[in-house]
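Residue numbers (my numbering): 1 to 357.
Just so you know, these hints were derived from the structure itself, not from any lab. Treat each hint with caution, since some may be false.
What the hints assert, rightly or not - Taking lysine to any residue and the SDA-like style, the derived pairs with C-alpha atoms no more than 20 Å apart in a straight line are:
| no. | residue 1 | residue 2 |
| --- | --- | --- |
| 1 | K309 | L276 |
| 2 | K32 | S68 |
| 3 | K57 | Q167 |
| 4 | K32 | N128 |
| 5 | K238 | D228 |
| 6 | K141 | I127 |
| 7 | K32 | R63 |
| 8 | K54 | Q64 |
| 9 | K54 | G34 |
| 10 | K169 | K230 |
| 11 | K118 | Q132 |
| 12 | K122 | Q167 |
| 13 | K316 | S283 |
| 14 | K212 | E189 |
| 15 | K212 | K253 |
| 16 | K78 | V62 |
What the hints assert, rightly or not - Now the in silico label distances, taken between C-beta atoms and shown as ranges:
| no. | residue 1 | residue 2 | range |
| --- | --- | --- | --- |
| 17 | L140 | E25 | 49 to 59 Å |
| 18 | I286 | S249 | 37 to 47 Å |
| 19 | N35 | A217 | 47 to 57 Å |
| 20 | E42 | N252 | 26 to 36 Å |
| 21 | E350 | K238 | 50 to 60 Å |
| 22 | E350 | S249 | 33 to 43 Å |
| 23 | K230 | Q325 | 35 to 45 Å |
| 24 | Y134 | E42 | 47 to 57 Å |
| 25 | K118 | E350 | 52 to 62 Å |
| 26 | H336 | D312 | 21 to 31 Å |
| 27 | A217 | E86 | 50 to 60 Å |
| 28 | S249 | T82 | 45 to 55 Å |
| 29 | S249 | K118 | 20 to 30 Å |
| 30 | E235 | T288 | 50 to 60 Å |
We put the CB at the ideal spot given by N, CA and C, even for glycine.
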Amino acid sequence: MNKVIFAFTLLLLAGCLEHSKPRSEQALEFVKTGNYELLSDEDKQVYSKLSYSKFDKSDFDVRQQPTSRFYVLEVALKDMVTYRVENEENDKVVIVTRFPELLSEFYFEEQFSEKHPKMVEKAEGLINTFNQGYLTAERLKFAEREVQVNFTSTGVFIDLKSHKIAQEKRDQIDMIVDGMSEAADKAKELNRVATIPADYFAEPDFSPLYMKAEIIAYLQECEQALADIKELDWEYGKYRVRYLDECISDYNKVLEQINKFELLPNTLAINDLEFLYISENRSELIGTYQYSGEQPIFSVSFIAHFFDKNGDEIRKQQIANFILQLEPGKSGNIKHFLNFEDMARVTKVELEPIGLW
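Given these sequences and hints, build the entire structure.
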């Protein structure tokens, strides 16, 4: 029992000793190390020492493992970092950190090679410079950064309560973003289908035309996720939602294509359609068209239904890109060459639009 009391007394004394230092020394140490013992009681009530230990304390902590080929470079650069007290008044101490500008360019996080492949070659060049003895403080450019350390009567105050609230919001944003992966994949696939020759609209297994309600639901889900992220923490969220913007754009493109397609019966008039039997292996499908839609269409594809004199359908045939480059108010002629058996029996043709591009 006496040993337990003695150990607890030592811990209390250690905490008291930390806070007995001049505030300038406490501020310097905190900027360098983020020492939990220097924190105010208000902050310690928010996070335990164990929870706090999981946070990054300084941009200038060494993050590479000793086995990493970049470890020596990171240590060399961070050994050049210096600190000084710039100003001290009341409950505030200003610390100036001086560091090589290269540390703003290279963020030596774990898995540096995998996350920053474009920087690897430059980093390896710096390692060679270091090995040759040329990577010295005299040869490098330095930058400075001011940090204001605030104090309460019980220690350094960094407002961990606000930090915790902000972190919880960021965790929510991460969950929202992770939960939107299915919608993102679907948007890319649908956009790919909707922007290739549009006979793909006729595929019932995977057709934007047959999935309009689902597409609208996905679009609304993306828009709601974006709105939620903006409300939570846009400064953090805006770097996570780029693909959400792309999703919304992709879904809107697909819906625009679908809307154009659904309007075709009212906006594209095909007149004077005739089937001309020329010879055993050659026929022509001719006619005229008038387009009154408001949006341009690059290509329209059809299925042509061929009937005999009794009104029986002989065959049907897909005609991709039957009419090209429709502009509002445009009219023109249609001519398409055909070759199939029983052409001589055809007396009537009907066209059914199956998609557009």
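A quick look at each hint next to the structure:
1. As the CA atoms of K309 and L276 are separated by approximately 14 Å, the hinted pair is consistent with the 20 Å bound.
2. Between K32 and S68 the CA atoms are separated by roughly 23 Å; this puts the pair beyond 20 Å, and the hint is violated.
3. For the hint pairing K57 with Q167, the CA-to-CA distance comes to about 15 Å; that is within 20 Å, so the pair holds.
4. Among the hinted pairs, K32 with N128 is inconsistent with the structure: their alpha-carbon atoms are about 29 Å apart, more than 20 Å.
5. Proximity of K238 to D228 is assessed by CA-CA distance (about 12 Å); at most 20 Å being required, the pair is judged to hold.
6. At most 20 Å may separate the alpha-carbon atoms for a hinted pair to count; K141 and I127 meet this at roughly 17 Å.
7. Proximity of K32 to R63 is assessed by CA-CA distance (about 15 Å); at most 20 Å being required, the pair is judged to hold.
8. A distance of roughly 16 Å separates the Cα atoms of K54 and Q64; the hinted pair therefore holds under the 20 Å criterion.
9. Between K54 and G34 the alpha-carbon distance is near 11 Å, which keeps this suggested pair within the 20 Å criterion.
10. Among the hinted pairs, K169 with K230 is consistent with the structure: their alpha-carbon atoms are about 11 Å apart, no more than 20 Å.
11. Under the criterion of a C-alpha separation no larger than 20 Å, the hint pairing K118 with Q132 is inconsistent with the structure, at around 23 Å.
12. Between K122 and Q167 the alpha-carbon distance is near 34 Å, which puts this suggested pair outside the 20 Å criterion.
13. Restraint check: the Cα-Cα separation between K316 and S283 comes to about 15 Å, which is no more than 20 Å; the hinted pair holds.
14. Pair hint K212 plus E189 holds up; C-alpha atoms about 14 Å apart against a cutoff of 20 Å.
15. With a C-alpha separation of about 12 Å, the suggested pairing of K212 with K253 holds against the 20 Å cut-off.
16. Annotation: proposed proximity of K78 to V62 holds, straight-line Cα distance about 7 Å (limit 20 Å).
17. Between L140 and E25 the C-beta distance comes to about 28 Å, which lies outside the given range of 49 to 59 Å.
18. Separation of I286 from S249 is about 40 Å and conforms to the stated range, judged on CB atoms against 37 to 47 Å.
19. Distance hint check: the CB atoms of N35 and A217 are about 51 Å apart, consistent with the given range 47 to 57 Å.
20. Between E42 and N252, the C-beta spacing of about 48 Å breaks the proposed range 26 to 36 Å.
21. For the pair E350 and K238, the beta carbons lie near 52 Å from each other, so the given range of 50 to 60 Å is met.
22. One distance hint, 33 to 43 Å for the beta-carbon pair E350 and S249, holds here, with the actual separation near 37 Å.
23. About 40 Å separates the C-beta atoms of K230 and Q325, a value consistent with the hinted range of 35 to 45 Å.
24. The beta-carbon spacing between Y134 and E42, approximately 48 Å, falls within the hinted interval of 47 to 57 Å.
25. As the Cβ distance of K118 to E350 is approximately 58 Å, the hint placing it in 52 to 62 Å holds.
26. Taking 21 to 31 Å as the suggested C-beta distance range, the pair H336 and D312 conforms, at roughly 22 Å.
27. The hint said 50 to 60 Å for the Cβ distance between A217 and E86, and at roughly 56 Å that hint holds.
28. Checked against the given bound of 45 to 55 Å, the beta carbons of S249 and T82, roughly 48 Å apart, stay inside it.
29. Checked against the given bound of 20 to 30 Å, the beta carbons of S249 and K118, roughly 27 Å apart, stay inside it.
30. With their beta carbons about 58 Å apart, E235 and T288 fall inside the hinted range of 50 to 60 Å.
In this structure, the earlier hints numbered 2, 4, 11, 12, 17, 20 are contradicted, and the remaining ones agree with it.
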